[in-house]
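A.B. asks: One letter stands for each residue in the lines below.
There are 4 protein chains.
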Amino acid sequence: MVGASGYAGGDLLRIVAGHPHLELAVATGHAQAGSTIGSVHPHVRSFRDVVLAKTEPAALAGVDLVFLALPHGQSAAVAAQLPESVKVVDLGADFRLKDAAAWSRYYPGEHAGTWTYGLPELPGQRELIAAASRVASTGCYAVSTTLALAPLIAAGVADPEDVVVVAASGTTGAGRAAKQHLLASEVIGSLSPYKVGAHQHVPEIKQATGARTLSFTPVLAPMPRGILATVTARPTGDADPAEVLRAAYADEPFVHVLPPGEWPRTSATFGSNAAHLQATIDVDSGRIVVVSAIDNLGKGAAAQAVQNANLMLGLPETAGLAVDGVAP
Amino acid sequence: MVGASGYAGGDLLRIVAGHPHLELAVATGHAQAGSTIGSVHPHVRSFRDVVLAKTEPAALAGVDLVFLALPHGQSAAVAAQLPESVKVVDLGADFRLKDAAAWSRYYPGEHAGTWTYGLPELPGQRELIAAASRVASTGCYAVSTTLALAPLIAAGVADPEDVVVVAASGTTGAGRAAKQHLLASEVIGSLSPYKVGAHQHVPEIKQATGARTLSFTPVLAPMPRGILATVTARPTGDADPAEVLRAAYADEPFVHVLPPGEWPRTSATFGSNAAHLQATIDVDSGRIVVVSAIDNLGKGAAAQAVQNANLMLGLPETAGLAVDGVAP
Amino acid sequence: MVGASGYAGGDLLRIVAGHPHLELAVATGHAQAGSTIGSVHPHVRSFRDVVLAKTEPAALAGVDLVFLALPHGQSAAVAAQLPESVKVVDLGADFRLKDAAAWSRYYPGEHAGTWTYGLPELPGQRELIAAASRVASTGCYAVSTTLALAPLIAAGVADPEDVVVVAASGTTGAGRAAKQHLLASEVIGSLSPYKVGAHQHVPEIKQATGARTLSFTPVLAPMPRGILATVTARPTGDADPAEVLRAAYADEPFVHVLPPGEWPRTSATFGSNAAHLQATIDVDSGRIVVVSAIDNLGKGAAAQAVQNANLMLGLPETAGLAVDGVAP
Amino acid sequence: MVGASGYAGGDLLRIVAGHPHLELAVATGHAQAGSTIGSVHPHVRSFRDVVLAKTEPAALAGVDLVFLALPHGQSAAVAAQLPESVKVVDLGADFRLKDAAAWSRYYPGEHAGTWTYGLPELPGQRELIAAASRVASTGCYAVSTTLALAPLIAAGVADPEDVVVVAASGTTGAGRAAKQHLLASEVIGSLSPYKVGAHQHVPEIKQATGARTLSFTPVLAPMPRGILATVTARPTGDADPAEVLRAAYADEPFVHVLPPGEWPRTSATFGSNAAHLQATIDVDSGRIVVVSAIDNLGKGAAAQAVQNANLMLGLPETAGLAVDGVAP
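Chains as they are written, first to last, in my numbering: chain A, 132 to 459; chain B, 132 to 459; chain C, 132 to 459; chain D, 132 to 459.
In case anyone wonders, no lab produced these hints; they're calculated from the structure. Backbone N, C-alpha and C fix where the C-beta goes; we use that ideal spot for every residue, glycine too. Errors might be hidden in some of the hints.
Stated by the list, open to error - Cβ-to-Cβ under 7 Å is the rule here; a few derived chain D residues that face chain A:
1) K229
2) A231
3) S235
4) Q256
5) L259
6) T302
7) L313
8) A315
9) V318
10) P355
As the list claims (entries may be wrong) - Listed next, the in silico DSSO-like pairs over lysine-lysine satisfying Cα-Cα at most 27 Å (straight line):
11) K218/D to K229/D
12) K218/C to K185/C
13) K310/C to K326/B
14) K326/A to K310/A
15) K185/C to K310/B
16) K218/C to K229/C
17) K310/D to K326/D
18) K218/A to K185/A
19) K218/D to K310/A
20) K229/B to K185/B
21) K185/C to K310/C
22) K185/B to K310/C
23) K310/D to K229/D
24) K310/B to K310/C
25) K310/B to K229/C
26) K310/A to K229/D
27) K185/D to K310/A
28) K310/D to K326/A
29) K310/A to K185/A
30) K326/C to K229/C
31) K310/D to K185/A
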């Protein structure tokens with residue numbers, strides 16, 4: 132595991148520790164190389180005495196699969212040094228986009244390429260992931276929006292033009308680097324939007340959902356984990372969007388369209404790989420409104436990455452992954 | 132003051148205690164009648180030994196102005212018993228709507244009538260409030276949305292069709308009655324939507340903003356105070372929405388369109404009568420996105436009610452009201 | 132499982148769902164009988180369609196083991212109706228105390244009796260639990276204090292006179308009944324003590340630790356889970372308290388005395404059965420200071436109960452229990 | 132005002148903006164010099180266009196009074212450059228201690244000297260402050276502990292030996308510098324102790340209270356503001372500690388001993404200069420237990436500093452200061 136000192140890395144370590152079929156070969160950190168996992172992630176007692184190594188390809192060459200949990204833009208350099216025989220799941224954005232121009236609009240550096248997109252719940256995607264040796268895990272905002280919207284656009288139920296999404300995320304989505312605006316003093320008791328009008332996840336969401344224009348506004352919420360996405364689109368027919376979603380996910384172990392009248396809350400997905408959905412038609416505007424809840428470190432990052440790894444390694448897809456959240 | 136035991140009532144008491152020109156004549160409660168204010172609102176030390184009275188018209192007849200801070204639907208009965216010489220500011224929804232049918236769609240009981248709408252920042256409204264003896268203060272969601280949207284529709288800059296709003300509120304907006312879903316255990320660490328697809332504040336927001344269709348989704352956020360509203364609409368021209376708002380509020384003491392690049396956060400309005408706004412054009416969808424932040428108990432309830440009372444009593448409009456939030 | 136609708140019940144359900152050897156036979160609720168587990172505990176998707184039954188002995192008679200997760204004082208009546216062949220783990224206070232007079236000082240109703248005390252980490256207790264058919268699981272404050280203090284008193288290192296404990300708990304410790312002082316609006320952003328000077332858990336803590344006089348002050352903290360206990364006592368010698376604790380728990384899977392210089396934080400135990408400890412000598416007063424952190428629903432309630440059940444059923448003691456917390 | 136960019140500086144600016152007799156002459160920052168107050172403290176709209184100056188003695192020489200809100204150890208250098216005619220209130224620790232050796236045990240650099248101690252509620256201290264041109268404001272932990280304990284020791288009611296204090300503070304007490312352990316992700320949902328066994332505020336607390344040995348354990352709590360201190364001491368007689376405190380503070384405008392049965396909560400002091408106290412005798416141990424609540428930025432820092440400034444400038448002691456908290 133590369134990049135084990137961040138929040139996604141910490142959750143990956145926790146999941147791997149409880150996974151019946153995975154074994155931790157090596158965990159690397161950058162500034163934290165040389166520290167024990169216990170000191171960097173006090174909650175991961177299972178690996179408390181394991182020392183974080185430096186990120187060196189040699190140390191990784193012998194393993195079956197590598198998780199890359201690095202800041203956006205840093206995965207490509209590491210991936211380039213890994214032999215084809217080593218499977219790789221990248222939690223970063225580097226290999227998600229098909230469109231190099233879209234990459235360049237939002238990220239520094241060149242577009243690194245395009246890997247198999249790691250959202251098994253998209254039609255046909257599960258099989259592609261199982262056959263791939265390189266998978267780009269979905270971003271957290273993209274998971275929450277795509278699960279809510281993609282089946283509706285695919286079914287011709289929602290208009291791909293003029294989709295509006297407002298999504299609020301817990302603070303771990305912003306990473307572990309010490310920044311003033313992420314201090315508890317600044318965040319507790321406050322909601323604040325960021326990157327309004329131009330967010331780097333828009334191209335990924337459009338690519339994954341089929342939306343053609345998208346207004347996406349992210350909000351920082353005073354909680355450590357969780358994304359609640361409110362996704363609205365104009366209907367293109369009379370279908371009940373909740374029923375369309377219910378049919379689309381009937382066999383999915385981790386995506387739950389709630390019973391009528393129950394709406395998602397992020398806490399119910401805390402620590403799990405679950406996504407909770409509900410949908411309705413707004414009586415005044417007639418728009419479709421879908422709300423989805425995930426744990427941004429769970430289905431939005433670490434747990435989803437393990438789900439992809441399970442598929443790539445031929446393991447049961449649900450192995451080591453919680454469907455039940457830790458609540459309250 | 133009628134209904135002094137709830138959260139809006141508590142904030143009204145606090146503001147009145149520090150107000151240079153207002154004096155508390157009597158405070159009434161319902162279940163809490165007979166208790167001291169100190170035991171019901173431990174933060175209001177100024178009135179700690181004042182005992183809450185029963186709500187009886189006789190006790191109120193001699194005062195200059197009455198604040199009604201009652202649950203929706205309970206103001207009309209009390210108001211009917213007050214002489215015309217007593218000015219009244221109602222913090223409830225009873226007298227906000229012009230359209231009786233809209234009232235009946237969302238509230239039980241008959242429509243009680245329509246009072247002067249208590250949002251001084253709407254064009255011409257300040258003068259109407261100053262001349263009125265009955266004012267219906269604006270609802271908290273309506274304040275946050277109307278300040279963001281009304282000038283844009285009025286200026287022909289935003290299309291009144293297909294407005295989409297997602298607004299998250301702190302828990303005091305849901306009142307002080309003990310309900311399981313409002314327990315700290317349920318709320319902390321969680322975001323959850325409610326009344327999705329059909330919210331009772333939609334008619335008020337449409338009436339106040341001029342929007343013709345409105346998708347409004349409210350979200351409960353893990354914080355006690357604050358509303359962050361994300362308001363999106365299609366543009367009807369090339370005007371910069373931030374500049375339109377800046378011009379509209381240039382002389383307003385409590386509405387602040389932030390400098391370019393700065394976006395509102397709810398904590399900055401905590402405990403104050405301020406509203407913070409910012410706007411942009413979304414690069415992908417071309418939609419106008421306005422974000423507004425208020426304190427739902429401040430500009431959204433108690434402080435706004437005092438602003439209206441100041442106007443009605445011929446006092447300086449800003450008397451006793453904070454423009455600066457208590458942060459962090 | 133009896134009393135499945137509360138917070139401890141919800142966490143028990145979650146743990147049972149992921150337990151390799153336990154199977155849910157029946158879950159009962161009181162007011163919630165007839166509801167699905169999915170509607171009562173939205174996070175427990177594994178049992179989402181299971182309907183809560185009424186609490187009737189007949190329904191429980193055939194099972195191997197019953198968990199009682201009822202309000203204090205209600206376990207005895209149910210337990211009396213269960214045959215001896217059914218093993219019982221009680222999460223309530225009913226059967227913890229040896230001293231009937233101590234019970235009567237703090238609880239209404241008669242003392243129901245004394246069961247085997249369910250804290251496996253006490254010397255010799257693990258074997259007693261394994262042999263018992265009735266076990267009274269330890270209270271959450273008692274777990275956090277006892278793990279910190281009992282080995283020091285037993286080793287003659289800490290004076291059992293004049294022990295001072297201040298322990299702060301998350302809100303789930305106060306239960307799921309809707310009470311005004313537990314509303315999110317009241318709790319977020321606030322710390323408040325309660326039952327100062329006379330707390331009902333004092334007799335249990337004295338019985339379990341050997342303390343002879345104890346000042347115990349509980350504090351309600353703005354978080355859903357977790358107890359942080361600061362335990363101070365006068366030393367009776369020169370021993371390093373951290374070393375004494377380290378030796379006492381060297382072989383314990385769930386109790387971790389942290390490396391020197393690292394202090395517990397409650398989040399690191401979230402969702403797990405772990406307890407984290409650290410100790411030092413205060414330089415000014417010379418007092419021993421031990422700080423312990425647990426999840427009040429984990430090692431403080433549900434996970435501990437499962438640990439006891441594992442022992443009673445001859446299962447691996449750690450089966451189905453997390454040692455790693457879900458953090459952040 | 133020197134050091135206006137931190138949290139105490141921000142609260143000072145807010146209080147000064149609403150103060151009837153104070154006027155802001157100049158505000159200086161360090162790294163933030165050149166920025167507007169609006170960008171550094173978005174909540175302080177009153178001074179939104181004021182630009183933070185560099186900290187240069189020339190700019191300060193003409194003012195009546197300077198507030199120093201700098202990190203501990205940095206006040207002395209600035210103070211040395213101010214003429215005697217300029218009154219100074221220091222919010223830092225530099226000039227609080229009488230004992231140079233105690234300073235050296237906990238702080239780097241030499242002891243700078245001893246100024247008049249800025250806690251007006253200590254007997255005789257109000258007059259000394261009014262006559263002083265240099266005042267060292269009390270530290271936040273010291274305020275909360277001293278108000279609870281000093282009258283009891285002075286009255287011979289509490290034994291000054293073996294005092295035990297556990298005090299939990301909101302995160303603003305740790306300052307605004309970006310540090311990983313203060314990130315919202317780390318703090319929300321967690322309690323953690325720090326500097327256990329040797330805290331730098333112990334000498335100040337002993338000096339101010341008369342305690343002779345003191346075990347002081349600070350805890351970081353998941354909230355931005357507030358200190359809740361639990362102070363225990365052995366009684367030296369039969370006096371009711373609550374009555375002793377009630378008598379001591381009968382005429383104090385900002386210190387409130389609550390009615391019997393009501394215990395302090397930090398939220399009730401939020402944004403104010405109030406301190407709330409309650410006391411009892413623990414039934415098991417016989418120890419005195421006093422709990423005090425303050426806002427660490429209010430009575431613990433900025434508001435207290437203004438209270439001292441009011442006295443030094445011959446203004447009404449309560450001018451510009453709130454006795455009522457902003458809650459919830």
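A.B. asks: Each hint needs a verdict: does it hold in this structure or not?
C.D. replies: So, going through the hints one by one against the coordinates:
Residue-level restraint check for K229/D is violated (minimum Cβ-Cβ distance to chain A is 32 Å; threshold 7 Å). Taking 7 Å as the C-beta cut-off, the interface hint given for A231/D is violated, the closest approach to chain A being about 33 Å. Nearest Cβ of chain A to the Cβ of S235/D: about 30 Å, over the 7 Å cut. The hint is violated. At a threshold of 7 Å, the smallest CB-CB gap from Q256/D to chain A is about 30 Å, leaving the interface hint violated.
With a least beta-carbon distance of about 33 Å to chain A, the hint placing L259/D at the interface is violated under the 7 Å criterion. Annotation: interface hint on T302/D holds; nearest CB of chain A at approximately 4 Å, less than 7 Å. Given the 7 Å rule on beta carbons, the hint for L313/D holds: about 5 Å separates it from the nearest Cβ of chain A. Checking A315/D against chain A by beta carbon gives a least distance of about 4 Å; that is within 7 Å, so the hint holds.
Hint on V318/D holds. Least Cβ distance to chain A is approximately 4 Å, under the 7 Å limit. At about 5 Å, the closest approach between the beta carbon of P355/D and any beta carbon in chain A falls short of 7 Å, and the interface hint on this residue holds. Straight-line distance between C-alpha atoms of K218/D and K229/D comes to about 20 Å, which keeps the hinted pair within the 27 Å bound. Restraint check for K218/C and K185/C: the C-alpha separation of about 20 Å stays at or below 27 Å, so the hint holds.
Annotation: proposed proximity of K310/C to K326/B holds, straight-line Cα distance about 23 Å (limit 27 Å). A threshold of 27 Å between alpha carbons decides the hint, and for K326/A with K310/A the separation of about 16 Å falls inside it, so the pair holds. Simply put, K185/C and K310/B have alpha-carbon atoms about 23 Å apart, close enough for the 27 Å limit, and the pair holds. Of the supplied pair hints, the one linking K218/C and K229/C holds, its CA atoms being roughly 20 Å apart against a limit of 27 Å.
At roughly 16 Å between alpha-carbon atoms, K310/D and K326/D fall within 27 Å of each other, so this suggested pair holds. The suggested pairing of K218/A with K185/A holds, with an alpha-carbon distance near 20 Å, which does not exceed 27 Å. Taken as a hint, the K218/D and K310/A pair is broken in the structure, with Cα atoms around 36 Å apart against an allowance of 27 Å. Note on K229/B and K185/B: the hinted pairing is violated, with a Cα-Cα distance of about 31 Å set against a maximum of 27 Å.
Our distance criterion of 27 Å between C-alpha atoms is met by K185/C and K310/C, whose separation comes to about 24 Å. With a C-alpha separation of about 23 Å, the suggested pair K185/B and K310/C falls inside the 27 Å cut-off, and the hint holds. The suggested pairing of K310/D with K229/D is violated, with an alpha-carbon distance near 32 Å, which exceeds 27 Å. For a cut-off of 27 Å, the pair hint linking K310/B to K310/C stands: about 7 Å separates their Cα positions.
A threshold of 27 Å between alpha carbons decides the hint, and for K310/B with K229/C the separation of about 37 Å lies outside it, so the pair is violated. Of the pairs offered as hints, the one joining K310/A and K229/D is violated, with about 37 Å between alpha carbons and a cut-off of 27 Å exceeded. Between K185/D and K310/A, the direct Cα distance comes to roughly 23 Å. Compliance with the 27 Å bound is thereby established for this hinted pair. With a C-alpha separation of about 23 Å, the suggested pair K310/D and K326/A falls inside the 27 Å cut-off, and the hint holds.
Taken as a hint, the K310/A and K185/A pair is honoured in the structure, with Cα atoms around 24 Å apart against an allowance of 27 Å. Proximity of K326/C to K229/C is assessed by CA-CA distance (about 22 Å); at most 27 Å being required, the pair is judged to hold. The suggested pairing of K310/D with K185/A holds, with an alpha-carbon distance near 23 Å, which does not exceed 27 Å.
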